[in-house]
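Enquirer: Residue numbers (my numbering), protein chains in the order written: chain G, 9 to 125; chain C, 9 to 125.
I should point out that these hints are in silico values taken from the structure, not numbers from a laboratory.
Just so you know, these numbers come straight off a predicted model, no measurement behind them.
Cβ coordinates follow ideal geometry from the N, Cα and C atoms, glycine included.
Treat the hints with care, since some could be wrong.
Anything over 12 Å on all C-beta distances counts as not near chain G; from chain C, calculated [stated by the list, open to error]:
no.	residue
1	25
2	79
3	90
Computed footprint of chain C on chain G, listed as stretches where at least three residues anywhere in the stretch have a Cβ under 8 Å from a Cβ of chain C [unchecked claim]:
no.	segment
4	68-81
5	105-118
Protein chains: 2
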Amino acid sequence: MSGSGGHRVTAEPPYYAVIFSSVRSSGDDEGYAAAAARMDELAAGMDGFLGVDSAREDIGITVSYWRDLDSIRQWKQQAEHMLAQGEGRRTWYDAYRLRVALVERDYGFSRDGQTEL
Amino acid sequence: MSGSGGHRVTAEPPYYAVIFSSVRSSGDDEGYAAAAARMDELAAGMDGFLGVDSAREDIGITVSYWRDLDSIRQWKQQAEHMLAQGEGRRTWYDAYRLRVALVERDYGFSRDGQTEL
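Extracted from the complex, chain G is given alone in its bound form (with noise of 0.2 Å):
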């Protein structure tokens, strides 16, 4: 997924995140970033969706926030989503490993009281 903070969260804790971390394999940018951008887009429809961010370096990080451990089974277990996962285990990704976390707190910091996270 490509690097965005555009899915401000708005909700306050508790609630969950989904902390996704990988390597990707060499090779086929293009399906992949097609299939990210097609994710992105489909979780941000699902219903207990509350936001995502992402970066990529060395590493990839794609944190989602969900309300509850039930809209993140229904995420895991949409049907499109499973096949792009099926192929980020044959094609996409040397290794991921993804964590499921209860937020507890959260706070902030913006200089301009505009640019919020």
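Chain C: place on chain G using the hints.
Expert: Quick look at chain C alone, frame taken from chain G:
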């Protein structure tokens, strides 16, 4: 902090994640890079530190992993880290958000059984 997956977390859940998302200000790249490297080094020496992953594109995401809330509290209050936090608000960041989250579950995939995250 530079992109890295150098500190693999070997702990079993439950443990804690600190998810730090940030937008860099323009400027002082050198001072920022030096401080980020120093903070990585300091954090790695703290009691309860389990690992860290970082990547920056449009935004930066650093996820550090900790044994418990007490080890996070000690890291937050570490003297040199407190100075860096102040400089972060004065100079390095236009915005950030910090989330403290309890990792309940994690699982991974590795193509060759060696590359792990």
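Enquirer: The structure should be examined with respect to each hint, and the outcome stated for every one.
Expert: Tested hints:
1. Against chain G, the non-interface label of residue 25 of chain C is violated: not every CB pair exceeds 12 Å, the least being about 5 Å.
2. Even its closest Cβ contact with chain G, about 15 Å, leaves residue 79 of chain C beyond 12 Å, as expected for a residue assigned away from the interface.
3. Against chain G, the non-interface label of residue 90 of chain C holds: every CB pair exceeds 12 Å, the least being about 15 Å.
4. Only residues whose C-beta sits within less than 8 Å of a C-beta in chain C count toward coverage, and the segment 68-81 of chain G has 3 of them, enough to reach three; the restraint holds.
5. With 14 residues having a Cβ less than 8 Å from any Cβ of chain C, the segment 105-118 of chain G passes the three-residue criterion, so the hint holds.
Hint compliance for this structure: hint 1 is the single one not met.
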